[in-house]
Structures are given as structure tokens and as C-alpha cells.
Amino acid sequence: GDSVTQTEGQVALSEEDFLTIHCNYSASGYPALFWYVQYPGEGPQFLFRASRDKEKGSSRGFEATYDKGTTSFHLRKASVQESDSAVYYCALGLSGSFNKLTFGAGTRLAVCP
Amino acid sequence: GPKVLQIPSHQIIDMGQMVTLNCDPVSNHLYFYWYKQILGQQMEFLVNFYNGKVMEKSKLFKDQFSVERPDGSYFTLKIQPTALEDSAVYFCASSVTNERLFFGHGTKLSVL
Chain A
1 GDSVTQTEGQ VALSEEDFLT IHCNYSASGY PALFWYVQYP GEGPQFLFRA SRDKEKGSSR
61 GFEATYDKGT TSFHLRKASV QESDSAVYYC ALGLSGSFNK LTFGAGTRLA VCP
Chain B
1 GPKVLQIPSH QIIDMGQMVT LNCDPVSNHL YFYWYKQILG QQMEFLVNFY NGKVMEKSKL
61 FKDQFSVERP DGSYFTLKIQ PTALEDSAVY FCASSVTNER LFFGHGTKLS VL
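These protein sequences, in sequence, are chains A and B.
The numbering of the first sequence is the numbering used here, which starts it at 1 and goes up by one.
The numbering of the second sequence is the numbering used here, which starts it at 1 and goes up by one.
FYI, nobody ran anything at the bench for these hints, they're computed from the structure.
Using N, Cα and C, we set each Cβ at its ideal position, and we do this for glycine too.
A few of these clues could be false.
[What the hints assert, rightly or not] Cβ-Cβ distance ranges computed for the label pairs, FRET-style:
| hint | chain 1 | residue 1 | chain 2 | residue 2 | range |
| --- | --- | --- | --- | --- | --- |
| 1 | A | Lys68 | B | Lys59 | 38 to 44 Å |
| 2 | B | Ile38 | A | Ser14 | 20 to 26 Å |
| 3 | B | Leu60 | A | Ser14 | 36 to 42 Å |
| 4 | B | Asp63 | A | Ser83 | 26 to 32 Å |
| 5 | A | Ser59 | B | Lys53 | 47 to 53 Å |
| 6 | B | Met15 | A | Phe18 | 26 to 32 Å |
[As the list claims (entries may be wrong)] Here are some chain A residues pointing at chain B (derived, C-beta under 8 Å):
| hint | residue |
| --- | --- |
| 7 | Tyr25 |
| 8 | Ala27 |
| 9 | Gly41 |
| 10 | Gly43 |
| 11 | Pro44 |
| 12 | Phe46 |
| 13 | Arg49 |
| 14 | Asp53 |
| 15 | Leu101 |
| 16 | Thr102 |
| 17 | Phe103 |
| 18 | Gly104 |
[Claimed, not checked] In silico DSBU-like cross-links for lysine-lysine, where the CA-CA straight-line distance does not exceed 35 Å:
| hint | chain 1 | residue 1 | chain 2 | residue 2 |
| --- | --- | --- | --- | --- |
| 19 | A | Lys54 | B | Lys108 |
| 20 | B | Lys78 | B | Lys53 |
| 21 | A | Lys56 | B | Lys59 |
| 22 | B | Lys78 | A | Lys68 |
| 23 | B | Lys57 | B | Lys3 |
| 24 | A | Lys56 | B | Lys62 |
| 25 | A | Lys54 | B | Lys78 |
| 26 | B | Lys78 | A | Lys77 |
| 27 | A | Lys56 | B | Lys57 |
| 28 | B | Lys3 | B | Lys59 |
| 29 | A | Lys77 | B | Lys108 |
| 30 | B | Lys78 | B | Lys108 |
| 31 | A | Lys56 | B | Lys78 |
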């Protein structure tokens, strides 16, 4: 079945560090890829999406580029802030699946001041 | 921005009882979803609902589960009877298209 793999379960950084969270996917079709962020006590919030090869999605300084060749959609940010501390989820959605999202396991980011 | 409201935020019930989780989706949205998240684990799709019908459901959506949206009001998830393994946070979401899903804050269900 379709799946999303996030390599890092937890990431600990200091403010202004560079962030990379790795996301790889496996899908039967040509999926749209998403990043969501979840703060404590809340539901996931949409960060951005990309739907075709080489397309870059971005929001709030975060960005990721759809790479069909390596089946990846890695999340990056040049300089993290303490307020970025949250759980980040990579997800995929297939057309014709009525917008069902398949989520990765999530990566908990902790940024220290 | 648009908000999905979930009521209640926490529900505690005894195993075997019935429970109904309520969701007030964004007003012009057409697609509705339930996801289940066990503490510390990933979000897992349960079901999606469109035009008054279940469109897709996962293996987690057991026979004891049902969803409905009577007369365009709350979108509900009913579990009857509940089991210990139903303890989790249940997230409702809604969307217009496949651009993005809007999630509520979740209802934590504790089955004793």
C-alpha cells in the first residue's frame, strides 16, 4: 500500500540552525505531497503542498521540493526559531482517493533558545 | 482562518458503552474525515464522507463505527460498543478540494 517514511523521529536544534527532515514516499500512482505541522493540543495544520515533479512548496520559511526520481519531499529551513518547535508530518494524497491523506510517523522538532 | 470545532475535547466512558464524537466542519466544505491518533503514534485515516455517503474507509473503521451528518449539522462518529483499543485522539477534518484539509483540535477518548 501507499506509505510515507520519515527518517527522524526527533530532532533537537538551537535557534538559527539549519533544519532538514527527510521524507520518502511509496505510492501506486502520482501523489500530491504535503507537509503538516502539529502544535501541542491541536490538530495538524497545513504547511504547503506540491503536486508534480520538481515543484517546490514553501511557507513560513520552510520549503520542500518534489523529487519523483528519489521519491522524496524533504523539509528544510535555513534558520529555525524556538517557535518552530512542533511535530512535523509528511503526507501523500492520491487523486481519485477523495482527498484521503496518508501520513508519516511524524518528526518532533525541539528548538532551544 | 477557517476552523473545525470538535466537541467535547475529552470524553471518558466505560468499555461497552456507546459514544458519539461531534464535529462542526467549515461551513462551505464538502468533504469530511475522521482520523485516529494513538498517543505518540502517527495519524491514521479512518473514513471520508461526501454528499451524505461514506466514500472510503480503512481497516481501522470497524463495524462498530458509523458516521453521519444529519441535515447538514454536526458530522458525527459513533462507536457502539466501545472497546479498550478505541482509546485515542480522534481528529475531524474537512476540505473543499484536495488543496488542503482543515483539522479540528481533536477529541481525546478514554475507554475504561
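So, going through the hints one by one against the coordinates:
1. Lys68(A) <-> Lys59(B): 38 to 44 Å: Given about 29 Å between the Cβ atoms, the range is violated.
2. Ile38(B) <-> Ser14(A): 20 to 26 Å: violated (31 Å)
3. Leu60(B) <-> Ser14(A): 36 to 42 Å: holds (39 Å)
4. Asp63(B) <-> Ser83(A): 26 to 32 Å: violated (44 Å)
5. Ser59(A) <-> Lys53(B): 47 to 53 Å: About 33 Å separates the Cβ atoms of serine 59(A) and lysine 53(B), which means 47 to 53 Å is violated.
6. Met15(B) <-> Phe18(A): 26 to 32 Å: At 48 Å between Cβs, range violated.
7. Tyr25: With Cβ-Cβ at 14 Å, over 8 Å, it is violated.
8. Ala27: violated (14 Å)
9. Gly41: Cβ of glycine 41(A) sits 7 Å from chain B, so the hint holds.
10. Gly43: holds (3 Å)
11. Pro44: holds (5 Å)
12. Phe46: Cβ of phenylalanine 46(A) sits 4 Å from chain B, so the hint holds.
13. Arg49: holds (7 Å)
14. Asp53: violated (18 Å)
15. Leu101: Because about 6 Å separates leucine 101(A) from the closest Cβ in chain B, which is inside the 8 Å limit, the hint holds.
16. Thr102: holds (7 Å)
17. Phe103: Where the cut-off is 8 Å and the nearest Cβ of chain B is about 4 Å from phenylalanine 103(A), the hint holds.
18. Gly104: holds (7 Å)
19. Lys54(A) <-> Lys108(B): Distance of about 39 Å is beyond 35 Å: violated.
20. Lys78(B) <-> Lys53(B): Status holds; Cα separation ~15 Å.
21. Lys56(A) <-> Lys59(B): Between lysine 56(A) and lysine 59(B) the Cα gap is close to 33 Å, so the pair holds against 35 Å.
22. Lys78(B) <-> Lys68(A): With a Cα-Cα distance of about 40 Å, the restraint between lysine 78(B) and lysine 68(A) is violated, given a limit of 35 Å.
23. Lys57(B) <-> Lys3(B): holds (24 Å)
24. Lys56(A) <-> Lys62(B): violated (38 Å)
25. Lys54(A) <-> Lys78(B): violated (42 Å)
26. Lys78(B) <-> Lys77(A): The hint is violated at about 41 Å.
27. Lys56(A) <-> Lys57(B): holds (31 Å)
28. Lys3(B) <-> Lys59(B): holds (28 Å)
29. Lys77(A) <-> Lys108(B): holds (32 Å)
30. Lys78(B) <-> Lys108(B): holds (14 Å)
31. Lys56(A) <-> Lys78(B): Cα-Cα ~40 Å, so violated.
The structure fails hints 1, 2, 4, 5, 6, 7, 8, 14, 19, 22, 24, 25, 26, 31 (numbered hints given earlier, in ascending order).
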